[in-house]
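For the record, the sequence lines run as chains A and B. Once you know that position 38 of the first sequence is 38 in our numbering, the rest is easy, because the numbers rise by one and skip nothing. Once you know that position 20 of the second sequence is 20 in our numbering, the rest is easy, because the numbers rise by one and skip nothing.
Just so you know, the hints here were simulated from the structure itself, not pulled from any lab data. Errors might be hidden in some of the hints.
Unchecked claim - Okay, the calculated beta carbon distance ranges per label pair:
1. Glu17(B) to Arg30(A): 26 to 34 Å
2. Ala11(B) to Pro54(A): 28 to 36 Å
3. Gln91(B) to Gln70(A): 24 to 32 Å
Remember, it's a predicted structure, so these values are computed and weren't measured experimentally. Glycine residues also receive a C-beta, built at the ideal position from the N, C-alpha and C atoms.
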Amino acid sequence: MRYAILLMGAPYSDQASHSALRFARSVLARGHCLEAVFFYHDGVYNAARLAAPPQDEPHLTDGWVALCEQHDVALQVCIAAALRRGLMDEREAARHGKNGHSVEAPFELTGVGQLVDLSQRCDRLVTFGP
Amino acid sequence: MNLHIVNRSPASYRVHEQALAAMGPEDRLLLIEDGVQGALPALVRHFEAIPGRLFAQREDLESRGLLGRCDGEVQVVDVEGFVQLTEQAEQTLSWY
Numbered sequence: 001m002r003y004a005i006l007l008m009g010a011p012y013s014d015q016a017s018h019s020a021l022r023f024a025r026s027v028l029a030r031g032h033c034l035e036a037v038f039f040y041h042d043g044v045y046n047a048a049r050l051a052a053p054p055q056d057e058p059h060l061t062d063g064w065v066a067l068c069e070q071h072d073v074a075l076q077v078c079i080a081a082a083l084r085r086g087l088m089d090e091r092e093a094a095r096h097g098k099n100g101h102s103v104e105a106p107f108e109l110t111g112v113g114q115l116v117d118l119s120q121r122c123d124r125l126v127t128f129g130p
Numbered sequence: 001m002n003l004h005i006v007n008r009s010p011a012s013y014r015v016h017e018q019a020l021a022a023m024g025p026e027d028r029l030l031l032i033e034d035g036v037q038g039a040l041p042a043l044v045r046h047f048e049a050i051p052g053r054l055f056a057q058r059e060d061l062e063s064r065g066l067l068g069r070c071d072g073e074v075q076v077v078d079v080e081g082f083v084q085l086t087e088q089a090e091q092t093l094s095w096y
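Using the sequences and the hints, build the whole thing.
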């Protein structure tokens, strides 16, 4: 089956990101295709490239990146939710005249239309809220 | 059959009432995160309308020291069981 995950909880604020990552790994372990994780609302903070949690805690951002590298899972970040929270890639930083950027590949800034597309294209869309 | 996912404790929130109101006769309800408190004997009465269709996530029970303290009505599933429930459901609805 083709799965997609919608994640709306901020990392380290509530359990949503941990639950979503655990679910994602299990989806893949059962042989399904995980097309994408869509980060929306405070979930966009999962894409912060400067995240530096203590070494004895799970590194959520790295966890998502590993899913992308090992299983080709697209990591789609809602651009509207990201920009207003100070999360932007190099291109958006240049466009807004900011020094430095806070999002990098494999996370990609996309529109909410991508979420609609995922919901139509995938067999299952599972939401993890705050 | 749809799968409803609730992550809030019925002791603190009333979101489970919305989930129950939206459930069809075959739908199932999975308690995750703080929602697993609803599997305790003291709180399971909130879900008496859906006998045999109430599930709770093992990992979240375990991390809260609640594994083995669930009411007998509740079916405990691990994360793989969670995925299996989503496979069997036509769609999932998350309540939070």
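Outcome of the hint check:
{"no.": "1", "hint": "Glu17(B) to Arg30(A): 26 to 34 Å", "result": "holds (32 Å)"}
{"no.": "2", "hint": "Ala11(B) to Pro54(A): 28 to 36 Å", "result": "holds (31 Å)"}
{"no.": "3", "hint": "Gln91(B) to Gln70(A): 24 to 32 Å", "result": "holds (27 Å)"}
Going through the hint list in order, the structure satisfies each hint without exception.
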